[in-house]
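K.L.:
Throw the hints in and build the complete structure from the sequences for me.
Sequence order for the protein chains is A and B.
With numbering that gives the first Met the number 0 as the guide, the letters of the first sequence map in order to residues 0 to 175.
With numbering that gives the first Met the number 0 as the guide, the letters of the second sequence map in order to residues 0 to 263.
Bear in mind the hints are in silico, worked out from the structure with no lab data behind them.
Hints should not be assumed to be uniformly reliable.
[Unchecked claim] From chain A, some residues computed to sit far from chain B (all C-beta separations above 10 Å):
1. Val34
2. Met70
3. Gly86
4. Val87
5. Ser89
6. Val90
7. Phe91
8. Met101
9. Arg148
[To be verified] Coverage of chain A stretches by chain B, computed from C-beta distances (three or more under 8 Å per stretch; other residues unrestricted):
10. 23–31
11. 35–47
12. 50–61
13. 94–100
14. 118–127
15. 130–141
16. 162–168
Positions of the beta carbon are idealized from the N, C-alpha and C atoms, including for glycine.
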Amino acid sequence: MTKSIIDGKPPQKRSRLRPWIFPACVAGIYLILLVITPDRAWVGLQAAWRVLIQAALPLLLAFGMMFLLNMFITPVHVSNFLGNGVGVRSVFFSAAAGIISMGPIFAWYPFLKSLRKKGASDFHLANFLSHRAVKPALLPMMILYFGWRFSLIFTIFCILSALVTATVVSLLGRQR
Amino acid sequence: MKIAVPADGPSLEARVQVKLGTTPYLLVVDSDDLSFEVLDGPPPSLGSGAGVQALSIVLGKGANVILVGYISPNISNPLQKNGIEVVTSVFGSVREAVMKYKCGGFDLAENSGRKSGSKLSAQQSSRWAEALRKTAKQYSTLIPVLTGVILLTGLFKAFMPKELLLTMFSGSIIQDTFAGAFIGSLLSGNPINSYVIGETFLEMGVDFFGVTAMMLTWVTVWLVQMPVEISVFGTRFTLVRNVVAFLVAIPASILIVWLSGGAS
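P.N.:
Spelled out as structure tokens, the structure:
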């Protein structure tokens, strides 16, 4: 029998409430501060409210962009991109796979690990990881916060930095 | 022809499973002589990535047909475009399913691109629902942390003296860029949070070099996740990737700010 390609760990049950521990702790700090120094705590709450209002529209735009990407891009596209092509084409494909891959990076680790075992090069793996810095779904939000010129240049430099990082990793990163 | 079937056991008499991502076994059956290879299904700890892992396994074994109970149209459509035939609503034993496929017993028109208008429309709406569900799930993981970050920025603005923050960011381009890059390396999570924190830093008087470096290393240097990255790619790969990403972020941040003139 062929063994599983990746080393799975026993499933761990995650509480649905666990992600809320962090905001609950911050809310707890607010409650304490509202008792100790209500004026300053109120200033803090007002500031947080302003940040929330400021973020509402960009968040809505980001939701729309993420929906469109989820609609038209699937993990199958990503795996096809990462496994295809040679030469410049393969650089483009692994970069594209990194850019369109969504969700937390650790969700992609098992897949990348299996690709590595199948012989994917360090360059392409590092290229995929580094290009995850480019977030097309969040671009509207970044533009609303920092302006289109900054966002465009930031995105271009993310791509250039990713290529430099992948090249150096492919030269120095291989275990000997 | 190689046919992949998710099954509840390592034999042709095992039952076909509903989903690729939750199956204990994957059978790759040669339709000519019914010889087969048994592969372990993806571990449940993979969660939503398990389906992709299962696909990666069977496609790596050369399967060009998949018989399964259900597969999302988001997955099956691109597979079919790439020449992989996907047949859904399959049940019974693996042997029965393969024999039925060989005898042309499945309504392949239903499973291929040749669909009637109503079926196409049903599949389209299912695709919309799937994309909406996935996006909502991604957002549901983002919202708690973002809520905490927004509340924290309020506290930061109310209680953190500007002078204290500005001791880290002295006004020197190099020092501020390093400080920002260091902060970004320590933090992780959705980059939206880095935009909110960056905006707050700017309002408090931190210069754009530090904020840009923080936003850049936020998405390229993952100090907190380093142990996991090491377990996947090895120590050398991980260290080189993170160190290089950090070092590249310094000149890149300076150039970004110079070329853009800061935020508009």
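K.L.:
If a hint holds in the structure, say so; if it doesn't, say that too.
P.N.:
These are the hints, each one checked on the structure:
| no. | hint | verdict |
| --- | --- | --- |
| 1 | Val34 | holds, 15 Å |
| 2 | Met70 | violated, 4 Å |
| 3 | Gly86 | holds, 21 Å |
| 4 | Val87 | holds, 21 Å |
| 5 | Ser89 | holds, 17 Å |
| 6 | Val90 | holds, 16 Å |
| 7 | Phe91 | holds, 18 Å |
| 8 | Met101 | violated, 7 Å |
| 9 | Arg148 | violated, 5 Å |
| 10 | 23–31 | holds (count 5) |
| 11 | 35–47 | holds (count 8) |
| 12 | 50–61 | holds (count 7) |
| 13 | 94–100 | violated (count 0) |
| 14 | 118–127 | holds (count 3) |
| 15 | 130–141 | holds (count 6) |
| 16 | 162–168 | holds (count 4) |
In summary, the numbered hints that this structure violates are 2, 8, 9, 13.
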